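Number of protein chains: 2
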Amino acid sequence: MPQRKIDVVLASVRRLIRVGASANLLNLLQKQHPADLAGVFGELNDRERQTAFDILLDRSPRHAMEALSELGPEAGAHLLEGRSAEDIARYVQELESDDAASIVEALPEELSRSVLDLMRGKQETEVEELLEYPEYTAGRIMNPNVFALSEELTVGEAITELQAARDVEMVFYLYTVDERRHLVGVTSLRRLLLVAPETPLKRIAVGDLLSVRVDTDQEEVARQVASYNLLAIPVVDLENKPVGVITVDDVIDVIKDEATEDIYRLAGVSTDDNVFSPARSSLRKRLPWLYVNLATAFLSAAVVKAFEPTISQATALAVFMPIVAGMGGNAGTQTLTVIVRGIALGELTFANSRKALLKESLVGIGNGVGIGVVAATAAWLVQGNGWLGLILALAMIINMFVAATAGTLVPIGLRALKVDPALASSVFITTLTDIFGFFAFLGLGHVFLRHLVAAG
Amino acid sequence: MPQRKIDVVLASVRRLIRVGASANLLNLLQKQHPADLAGVFGELNDRERQTAFDILLDRSPRHAMEALSELGPEAGAHLLEGRSAEDIARYVQELESDDAASIVEALPEELSRSVLDLMRGKQETEVEELLEYPEYTAGRIMNPNVFALSEELTVGEAITELQAARDVEMVFYLYTVDERRHLVGVTSLRRLLLVAPETPLKRIAVGDLLSVRVDTDQEEVARQVASYNLLAIPVVDLENKPVGVITVDDVIDVIKDEATEDIYRLAGVSTDDNVFSPARSSLRKRLPWLYVNLATAFLSAAVVKAFEPTISQATALAVFMPIVAGMGGNAGTQTLTVIVRGIALGELTFANSRKALLKESLVGIGNGVGIGVVAATAAWLVQGNGWLGLILALAMIINMFVAATAGTLVPIGLRALKVDPALASSVFITTLTDIFGFFAFLGLGHVFLRHLVAAG
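If you're matching them up, the sequences are chains R and A in order. Under my numbering, the first residue of the first sequence is numbered 1, with each subsequent residue one higher. Under my numbering, the first residue of the second sequence is numbered 1001, with each subsequent residue one higher.
Be a bit skeptical, because a hint or two may be false.
Straight line, CA to CA, 25 Å or less: simulated SDA-like cross-link-like pairs of lysine to any residue [claimed, not checked]:
hint, chain 1, residue 1, chain 2, residue 2
1, A, Lys1355, R, Leu357
2, A, Lys1031, R, Pro288
3, A, Lys1005, R, Leu231
4, A, Lys1285, A, Lys1305
5, A, Lys1418, A, Glu1135
6, A, Lys1285, R, Asp46
7, R, Lys355, A, His1078
8, A, Lys1355, R, Asp46
9, A, Lys1256, A, Leu1238
10, A, Lys1305, R, Leu394
11, A, Lys1305, A, Arg1450
12, A, Lys1305, R, Ala75
13, R, Lys5, A, Gly1413
14, A, Lys1256, R, Val447
15, R, Lys5, A, Thr1271
16, R, Lys355, A, Arg1014
17, R, Lys355, A, Lys1305
18, R, Lys285, A, Thr1271
19, A, Lys1285, R, Glu86
20, R, Lys355, A, Leu1287
21, R, Lys355, A, Arg1450
22, R, Lys355, A, Ser1277
23, A, Lys1355, R, Ala75
24, A, Lys1005, R, His182
25, R, Lys355, A, Thr1271
26, A, Lys1005, R, Leu417
Computed footprint of chain R on chain A, listed as stretches where at least three residues anywhere in the stretch have a Cβ under 8 Å from a Cβ of chain R [unchecked claim]:
hint, segment
27, 1079-1089
28, 1246-1252
No lab work stands behind these hints: they were computed from the structure. Model, not experiment: these values are computed from the prediction. Ideal placement from N, C-alpha and C gives every residue a C-beta, glycine not left out.
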């Protein structure tokens, strides 16, 4: 965490707000890149953020709206809520249609409807159309301004079209369509420069191109763009007509969001929780997960309770039982993490899951032996009872094997049920390793009780 | 995990290898995109993979080498090890210098040196130069073929230069330099098309451009490209002269790798472990982490051992003690995950860490009260002893507060010591929550022992 540029800006913004130096504040804000502004806004408190945003919005609406868009739809929409529907309708038109759609959708329902009613012309239609695609699909994240030309045009004509095009911001590929507007080819701007102007597009366009359908899941889009190193991928409708384009910068957002989601879900944190979300909202989001864990903790406590008479005769069992359960949980989490990430990266499929199960089981037994022997020796030295060590080692091997198989099968099973494996797996695994750990260790302790009491 | 295209290809590849149909196999392999081929290679066993790769390498060396490059440096280098240094030197020249450098570096040391000695001309120098930059820096991942022209040229001259350039694969930005080759501006290919050929580049180039230095950390590069939505960022040396360019597809790899690294490290899994790494290598990588955990588990067992006499008088304490420790661990993991991700995404800095600590402490106390009350009631109902419930609730609040503060401070502290916070935090947190959980619960149990024994 080096001193960041935005920390310096942040300090100045705060100071200028405090002393009410609006002109200086506006001047400072206008100089920042929208992405940096979003970073600054993200760290201001609600009142400061609204003040800074309002000053910028009145004088540089496009700049303000771009920063708002970078800030994310919820926080962004919140900054606009005090404005009239007319103003909002005008402001969101400063944005690309896909960004405008996200903001409009995040407004309170009634306001959102009024804004859509008030938006006029091309953008209105585009925003409304985008909002019709389900969340997390290609249709929702695409930019509807796709640059597609008839393959019958010449390169010279294409360049003229390109010069006339206004909305199309980041063109690097030029798509070609046949007479029925089906997507048929692609070429790059660079190629346009390398051939004579009278060359037909058809001659230089590559026919075997990748595209995704409007209903393709955004994760699948990200996977394709990333693995084929594309800068953009065209989106087609059900008839293979180009209706939009997804650029690599949108894909980066998808990849980052999905990674955060995986990391969070493994730990039982809700995806919209973060470092600076208000304490009350974090609490509301984290408590339910802890209650689920509490319920499962009582399940494993019930196992311990069943062995209470055994423990009362050999309290050494109480000392070592958390070790068996805890180590199983650790090993299970390792397996689970590798499996969940393997599913997310597309390496693990149903077809090769048997191979994964076999491998993880071997690792589980190996871990159990490796940890069991050391733990048994330590317990023997500490407690002076070889039987206790033996029981500890056996229980450890059993529990590590359970951890490995469960850590593999639970996420694969959840995936088969179309549940995100990252979401629910970890609570299953720790519950299983707690229950099996306690049961194996205390059960063995019960069987060999006279050896423990005799020597203990 | 839908049926993937590569699963179909994979089955055919296996079948063709089994029946020895080399011609058909070659034909099938040649039709696949290098990224897909890498996917197929990744799932073949070592012998099959070598067979398929060798067949392709002999007939379509560039295609084979591109697939090998997508497979990653270690696995890729392994496939080449059977070849002579002369052959390898020839094959790696099919690749871009940055990809070639990764492969050559992953070869066994002696072979790697011979290959470098045998490489000739421009590529040799480029590869050697790239290998001089430390790992994980901009210099290491950049492509040294940066397209930079004197700002004194006209647009027409620039287009001529562009048409003559061979190596420069994905050009979308054109960088301009002053007479001393300092990076001074940038323009896009599209802008070249929009102005008259006699326009000087100086007129259309934007001066205020972003660049990174060769020694910039790759995570920082990724952060800049992602937050400013760039397609490429120029890399400059210490004198601000352009020496390379990093394109967004390399950045995607960095983002994915860093996310995997964070996810893995939080679970104590080594970054080069994955679903299909051999069982023995996974075991060797996971056991050390489990031994660290075992050592800390013995630490917390020592706390329990100190209270053995107390437990022997009130065995109900043994039943509930894992709940306190486990729930603290769960809550600590939630906080830890949010903090580690906040650091990785650049949201959390030293400057705002006090705010984060305050927030997480509040959440910790809130969680403690919320969970404590429910757990206490349940314990009271199960065990019929109100004192036990009270002790459980108090211990839970203490431990959740410890979990929240430790979950915030440990990763921030590790970051200050320049240790990856994802790496070591989780073992610290669970050790702390185990020790404090046992100590708080059993300690309170000891203080109120007569109430527990009287009613128990």
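Here is what the structure says about each hint:
With a C-alpha separation of about 44 Å, the suggested pair A/Lys1355 and R/Leu357 falls outside the 25 Å cut-off, and the hint is violated. Taking the CA atoms of A/Lys1031 and R/Pro288, the gap is near 51 Å; set against the 25 Å cutoff, the hint is violated. Under the criterion of a C-alpha separation no larger than 25 Å, the hint pairing A/Lys1005 with R/Leu231 is consistent with the structure, at around 22 Å. As the CA atoms of A/Lys1285 and A/Lys1305 are separated by approximately 31 Å, the hinted pair breaks the 25 Å bound.
As the CA atoms of A/Lys1418 and A/Glu1135 are separated by approximately 16 Å, the hinted pair is consistent with the 25 Å bound. A distance of roughly 47 Å separates the Cα atoms of A/Lys1285 and R/Asp46; the hinted pair therefore is violated under the 25 Å criterion. With a CA separation close to 22 Å, the supplied pair R/Lys355 and A/His1078 stays within the 25 Å bound. Of the supplied pair hints, the one linking A/Lys1355 and R/Asp46 holds, its CA atoms being roughly 15 Å apart against a limit of 25 Å.
Taken as a hint, the A/Lys1256 and A/Leu1238 pair is broken in the structure, with Cα atoms around 29 Å apart against an allowance of 25 Å. A hinted pair counts as satisfied when its Cα atoms are at most 25 Å apart, and A/Lys1305 with R/Leu394 qualifies at roughly 21 Å. A C-alpha spacing of about 20 Å is found between A/Lys1305 and A/Arg1450, which places the hinted pair at or below 25 Å, so the restraint holds. Taken as a hint, the A/Lys1305 and R/Ala75 pair is broken in the structure, with Cα atoms around 51 Å apart against an allowance of 25 Å.
Distance check on the hinted pair: R/Lys5 and A/Gly1413 sit about 22 Å apart at the alpha-carbon level, within 25 Å; holds. Between A/Lys1256 and R/Val447, the direct Cα distance comes to roughly 50 Å. Violation of the 25 Å bound is thereby established for this hinted pair. Straight-line distance between C-alpha atoms of R/Lys5 and A/Thr1271 comes to about 31 Å, which puts the hinted pair past the 25 Å bound. For a cut-off of 25 Å, the pair hint linking R/Lys355 to A/Arg1014 stands: about 16 Å separates their Cα positions.
Among the hinted pairs, R/Lys355 with A/Lys1305 is inconsistent with the structure: their alpha-carbon atoms are about 42 Å apart, more than 25 Å. With a C-alpha separation of about 30 Å, the suggested pairing of R/Lys285 with A/Thr1271 is violated against the 25 Å cut-off. A hinted pair counts as satisfied when its Cα atoms are at most 25 Å apart, and A/Lys1285 with R/Glu86 does not qualify at roughly 61 Å. A C-alpha spacing of about 21 Å is found between R/Lys355 and A/Leu1287, which places the hinted pair at or below 25 Å, so the restraint holds.
Using a Cα cut-off of 25 Å, the hinted pair R/Lys355 and A/Arg1450 is violated, with the two alpha carbons roughly 56 Å apart. Among the hinted pairs, R/Lys355 with A/Ser1277 is consistent with the structure: their alpha-carbon atoms are about 11 Å apart, no more than 25 Å. For the suggested pair A/Lys1355 and R/Ala75, the alpha carbons sit about 19 Å apart, so the restraint of at most 25 Å is met. Restraint check for A/Lys1005 and R/His182: the C-alpha separation of about 23 Å stays at or below 25 Å, so the hint holds.
Straight-line distance between C-alpha atoms of R/Lys355 and A/Thr1271 comes to about 20 Å, which keeps the hinted pair within the 25 Å bound. Pair hint A/Lys1005 plus R/Leu417 holds up; C-alpha atoms about 22 Å apart against a cutoff of 25 Å. With 0 residues having a Cβ less than 8 Å from any Cβ of chain R, the segment 1079-1089 of chain A misses the three-residue criterion, and the hint is violated. Using a Cβ-Cβ cut-off of 8 Å, 4 residues of the segment 1246-1252 of chain A lie near chain R, which meets the minimum of three, so the contact claim holds.
In summary, the numbered hints that this structure violates are 1, 2, 4, 6, 9, 12, 14, 15, 17, 18, 19, 21 and 27.
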